[in-house]
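Chemist: Read off the chains here:
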Amino acid sequence: MLSPYILQENNAYSYEFVTDQEIRYAIYFLDYSYMFSDYPSIAENVFAFNIDVVSGEPSDSVTDERIGITIFEVFKIFFSKIDNVAVYVCDTLDERHLARKRKFDLWFWKFNDGSLLKEDGIAVIEGTPIYNSLLVHKSNKHWPEIVLAYNELNERAGEK
Amino acid sequence: MQKSTAIGATDNSKGADIFKKMLEDKKAIHEHLAKGGKIEDLKDRFKFVKPLYPSGK
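Line by line, the protein sequences are chains A and B. Following the working numbering, the numbering of the first sequence begins with 1 at its first residue and continues without gaps. Following the working numbering, the numbering of the second sequence begins with 1 at its first residue and continues without gaps.
The reader is advised that the hints may include incorrect statements.
Unchecked claim - Here are the simulated BS3-like cross-link-like pairs (lysine-lysine), alpha carbons at most 25 Å apart as the crow flies:
#1 A/K141 <-> B/K50
#2 A/K81 <-> B/K43
#3 B/K21 <-> A/K118
#4 B/K47 <-> B/K14
#5 A/K81 <-> A/K141
Unchecked claim - Anything over 12 Å on all C-beta distances counts as not near chain B; from chain A, calculated:
#6 S3
#7 D20
#8 Q21
#9 V62
#10 E65
#11 G68
#12 I69
#13 W109
#14 L117
#15 K118
#16 E119
#17 W143
#18 P144
#19 E145
Stated by the list, open to error - What follows is a list of derived Cβ distance ranges for each label pair:
#20 A/K103 <-> B/A34: 16 to 24 Å
#21 B/G37 <-> A/E22: 15 to 23 Å
#22 B/G37 <-> A/V62: 22 to 30 Å
#23 B/K50 <-> A/E159: 29 to 37 Å
#24 A/D113 <-> B/A34: 31 to 39 Å
#25 B/E24 <-> A/G158: 16 to 24 Å
#26 B/K47 <-> A/D120: 20 to 28 Å
The hints are simulated quantities; they were obtained by calculation from the structure and are not laboratory data. The structure displayed is predicted, hence computed values, not measured ones. We treat Cβ as the ideally placed atom computed from N, Cα and C, and that holds for glycine.
With the sequences and hints as input, model every part of the structure.
Modeler: Structural data, given as structure tokens:
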């Protein structure tokens with residue numbers, strides 16, 4: 001059975017890990033509590049989740065499942081606070097946002113231990129689709145409102 | 001330094017502003033890391049939050 005990479009805590013702001021291919025990744029969360037500020041009962045504890053390459057050249061030809069396992073190890077820590085909510089946005093820097101979404105979907109399907117709910121959204125802004133996902137713990141008593149508020153943000157993203 | 005757009009300061013919907021800001025933040029941090037910068041250099045510019053192990057480690 002594959003194990004997660006060792007999470008390094010080199011600073012107070014992110015986790016880092018190094019893969020077998022010598023790629024160093026950073027995982028970090030940004031506070032986006034104002035995302036649901038129109039819904040005071042669920043406004044707190046909303047964070048943007050991100051993973052980025054710090055050094056090395058990831059290759060599409062190498063499938064490293066331990067990266068996904070490591071990410072879900074971090075989610076295990078993150079969602080030990082049941083009220084936490086994570087939002088993941090697939091970046092559009094290089095037109096590979098749909099491929100990133102598929103990879104994230106696959107990791108969720110494979111490595112979610114059943115404790116998390118995922119809701120997907122597509123915010124179409126100025127004709128560009130921004131793929132994003134919401135993660136919430138199944139034991140979060142506010143999850144129906146959170147999903148509702150999240151869907152509303154996506155559905156109304158194209159409005160002026 | 002890239003200027004951040006305040007939510008609600010544009011004619012866009014709130015959702016559009018939020019998702020665009022998320023992408024801008026992600027891009028700015030990516031570019032900083034790609035140039036060899038460190039996450040902690042950006043601590044005054046972005047509100048990083050690090051979850052702790054349940055034990056508080």
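Chemist: Quick check: which numbered hints come out false for this structure?
Modeler: none
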